[in-house]
Amino acid sequence: MDAGLILKAISFSYGNHWGLDEISFRLKRGELMGMIGPNGSGKSTLLRIMDGLIRMDKGEVLLLNRPISSCRRHEVARLIAMVPQETTFRFAFSVLDVVLMGRFAHMGLFPFEGKEDLEIARESMRLTGTLDLERRSIHELSGGEKQRVLIARALTQKAQFILLDEPTSQLDIRHKVEIFELISSLTRTQGLGVMVVSHDISLAAQYCHRMLLLNEGRIYRIGSPDEVVTTDTISEVYHCPVLVDKNPLTQTPRVTVLSKGAGAGIS
Amino acid sequence: MALRGMRDRVISPMRVLSIGIILSMVLVVVVLTSLSMGPAKVSMGTILGWCAGTRSVDQTTSMILMKIRLPRILLAALVGFTLSLGGVVFQALLRNPLAEPFILGISSGAAIGAIAGILVGLGFTMGVPLLAFISALATILLVMGISSRHGGLESSTLLLTGVIVNAFFTAIIMFFIATVSDSRLHSMLFWLYGDLSQSKYIQLSICLPLVLIVSGIIYLFSRHLNLLVGGDEAALQMGVEVEIVKWVSFIGISLITGVVVSFSGIIGFVGLIVPHLMRMIFGPDHRLLIPASALGGAIFLVAADTVARTIISPSELPVGVITAFLGAPFFIYLLRKRGSQWTQG
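Chains E and B are the protein sequences, given in the same order.
Mapping the first sequence onto this note's numbering, position 89 (from 1) lands on 72, and the numbers just tick up by one.
To convert, count from 1 in the second sequence and add 10; that's this note's numbering.
In case anyone wonders, no lab produced these hints; they're calculated from the structure.
Virtual Cβ for every residue (Gly too), placed ideally from N, Cα, C.
Hints are supplied without guarantee of correctness; some may be wrong.
Residues from chain E shown here face chain B by an in silico Cβ test under 10 Å; the list is partial [claimed, not checked]:
(1) Ala64
(2) Met84
(3) Met90
One chain only, chain E, in its complex shape (with noise of 0.2 Å):
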């Protein structure tokens, strides 16, 4: 039995602030899970919690069975990849530099990567796309190629599980489209569990199987995209007026922001 990534009552502040408040729940293979919420609600602190980059002040996040806080860092790198939402390279590292680099956890002490090692890069780069840009510099590319290539680097670390910052928030529509197929299609094909961040609430609903809605640090409300979003969710926690009907193509939620002017028509 996959027992997957699991919070189990997770309580995190920061000083005397409110962070996070009794947060549980699983994120299972093969699923791929949105997670929303307001700017300051909490939510890349979640992800770092779910990585183990920071210590929780009370609960418990279980790896595969395991305490996060009792594994290595390369035990955890192996299990769980991160594509965060600002990556900055100081050098002209080329694209297979960066790539490459996902495969850190995986070696020993020999610093240098071997035959398999390019194999598993070059398939990463097929699947996102970015196998013309590998002898570019890291520098040179645009926001949607960069970000393509850092989900490469994240599926060059052969993990599990793979939690994503706000991967779509610097694109146009037709590349936050293409990352959510190919988000979509590697929890499918690679039986990967996926955990994305996202403020594109409508697009999120479309290609996700639940969603996280996340407030003051804590689970709003966690379940299908139609019980998640809708009109009275979004519109309490956000504190902005929306009207969610049904996408007429897919049957998913959709949200429309209303105007001040619109939302007194409506209603």
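Starting from the known structure of chain E, arrange chain B on it as the hints suggest.
Just chain B now, kept in the frame of chain E:
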């Protein structure tokens, strides 16, 4: 075919080895040239013959080569090696292009000890270096102690602490310099600008094993450093035990920098520019950059010290004067031509 192309791009052990051998050969040539230069002229032919054992030299020449020039040249190579290695590692760990092995206060810490040693009249072979080493180590531990929080070392805190401690110790050094007026002042100034004229084999035999061990350990971290350049958290995510790498590297580099500085005085600029030069030439991958910088530092410092001891012969200049005087214009030329290879943000 595509695979072959890729292999060319990826850093392979063969590539590192061949570049290492080429740079080592350059180092040997520079060392031999340096051996032949000095007030007593010895021709290159004589040197080569003497090394090959096919030609004998008179006792005075042999004495000059073996007892005076060779230990000094070898120590210069080792000091250059160490300072450049320290520079490249500190630049990666602190993610700062201005970082060099002295930036955390090792230099001024060592200087306090050295100046105290000179003031009380200790010898230059062991007495002054010992005091310098002890105070260098005390300083780095102080800086790391002040900047560590919950066992973590945060780059900008570490840098700022180093800069402040440096400033404080420099004030003390200036106080001593201002109060001394006899011949000890000359010794102090030479020490502060780097002086290899007191080199002895015994110093080499102390430095060499330490430097070799620490460089070996650091090299095993070369891939870790590649990832650390992208930030602590990015490195953690990919499986690097960031704190272990940081502590071991900072302490290892401080240890060997402290040792060589104790014997050589403060030779500036090597640890700053050689890593930058090598990055411009060989790229940012530390698996190649670390050996290239270390060997490049050795070559640079042997050359600079040769100039320092011959240019106003029979007098000498402190070698630090030469490293900065020659290094700065050359570096600015390259910076204009190639850019710094750093992006901020």
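Hints and how they fare:
Checking Ala64 of chain E against chain B by beta carbon gives a least distance of about 7 Å; that is within 10 Å, so the hint holds. For the restraint placing Met84 of chain E at the interface with chain B, the shortest Cβ-Cβ distance is roughly 6 Å, inside the 10 Å limit, so the hint holds. Taking 10 Å as the C-beta contact cut-off toward chain B, the hint placing Met90 of chain E at the interface holds, the least distance being around 7 Å.
Hint check: no violations occur; every hint is consistent with the structure.
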